[in-house]
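Participant: Just so you know, we're using my numbering here: the sequence shown kicks off at 1 and counts up by one.
Heads up, a few of these hints could be off.
Subject to a maximum C-alpha distance of 30 Å in a straight line, what follows is the list of computed DSSO-like cross-link-like pairs (lysine-lysine) [claimed, not checked]:
hint, residue 1, residue 2
1, LYS18, LYS39
2, LYS244, LYS18
3, LYS18, LYS65
4, LYS39, LYS65
5, LYS244, LYS196
6, LYS65, LYS23
7, LYS23, LYS213
8, LYS213, LYS244
9, LYS196, LYS213
10, LYS65, LYS149
11, LYS23, LYS39
12, LYS244, LYS39
13, LYS149, LYS39
14, LYS244, LYS149
Because the hints were derived from the structure by calculation, they are not lab data.
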Amino acid sequence: MPVGPEWPVTVLPNGGGKSWLGKGITDLLELDEATLPEKHARIVRATRSGEPDHDVEGARRAIEKWAYPRAWLDFETIAFAVPRWIGTRPYQQVPFQFSVHVEEADGAITHHEFLSLNGADPRRSCAEALMAAIPVDATVIAYNAPFEKGVLRELSALFPEMQDALLDMAHRTVDLLPVTRNHWYHRDQRGSWSIKAVLPTMTSLDYSDLEVKDGTGAQEAYLEAIRPDTSDERRTFLGDGLTKYCAQDTWAMVAMARFLSAAA
1 MPVGPEWPVT VLPNGGGKSW LGKGITDLLE LDEATLPEKH ARIVRATRSG EPDHDVEGAR
61 RAIEKWAYPR AWLDFETIAF AVPRWIGTRP YQQVPFQFSV HVEEADGAIT HHEFLSLNGA
121 DPRRSCAEAL MAAIPVDATV IAYNAPFEKG VLRELSALFP EMQDALLDMA HRTVDLLPVT
181 RNHWYHRDQR GSWSIKAVLP TMTSLDYSDL EVKDGTGAQE AYLEAIRPDT SDERRTFLGD
241 GLTKYCAQDT WAMVAMARFL SAAA
C-alpha cells in the first residue's frame with residue numbers, strides 16, 4: 001500500500017488542499033509559494049523551512065488592545081439528546097464548569113473556577129459564580145470566542161436579574177484564536193489551530209499527563225461523576241481531573257498570548 005507524503009496538501013485549512021488533490025498534487029512541498037494566497041504560502045514556507053512563521057509585532061499590536069484586567073475564560077459544557085433539566089432543549093450546550101484566570105496590569109494573576117457535580121441544573125450557580133469571579137470592567141478572552149459568547153448569552157436569557165451583566169460580559173469578550181491564526185504557524189500544527197495543536201509548538205505545557213485530556217474526556221468524566229451509583233471517592237477523583245484540565249485550558253491561553261507577543 002503506497003505511503004502518502006509526510007506533509008500532504010490537506011494540511012491547508014478550510015479545505016484548501018482539495019483543489020490541489022483534484023490536480024493530482026498531494027505533497028504540500030510541491031507547491032510554489034509565489035502562486036498561493038498568503039495564508040497558504042506561510043504554511044508552505046514554515047513547513048519547508050522547519051522554522052515557525054511568527055509575526056511578533058502583529059500579535060503584539062492585536063493583544064495590547066485588550067484592556068486590563070483580563071479574564072481568560074473557558075467553559076466545559078454538556079448536551080443531552082433528551083433534556084435532563086426543565087427549561088433546556090435537546091442538544092443544548094449547558095455549562096457545568098468554567099475556569100478563569102484574571103490578570104492584572106502588573107502581571108498578578110488569580111484563578112477562579114466553578115464545577116457542579118451534584119447532578120442538578122448547574123446554570124444558576126454557574127452564572128452567579130461568573131458574576132463573582134469576573135471583574136465588571138474586565139476584557140474577557142476566550143479561544144474560539146463565539147462559543148463562550150453563546151454560553152453567556154444563553155445564561156443571560158435565563159436570569160433577568162443578571163441579564164445586563166452577563167450580556168455585557170459577552171460584549172466584552174474577545175478571541176485569541178484569530179490572533180494565533182494570523183500571527184503564528186508551526187509545521188507541527190499540521191494545519192490545525194486548536195489549543196491542543198498549537199500549545200506544544202510554543203510552550204512545554206502538555207495535556208498528556210492529565211487525567212482529563214480533552215473536551216470529550218471532560219464530558220465523559222462529568223457524566224460518570226453525576227451518576228447516583230458513583231462513589232464519593234471516585235467523584236472526588238473525577239472532579240480533580242476536571243478542575244486541572246479546565247485550569248490548564250485557561251492558563252494555556254495566558255502562556256500563548258505571552259509567547260505570541262514576545263520576541264524570541
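Participant: Run the structure past the numbered hints and jot down the numbers of the failing ones, going up.
Facilitator: As far as the earlier hints go, 2, 3, 6, 7, 12 are violated by this structure, in ascending order.
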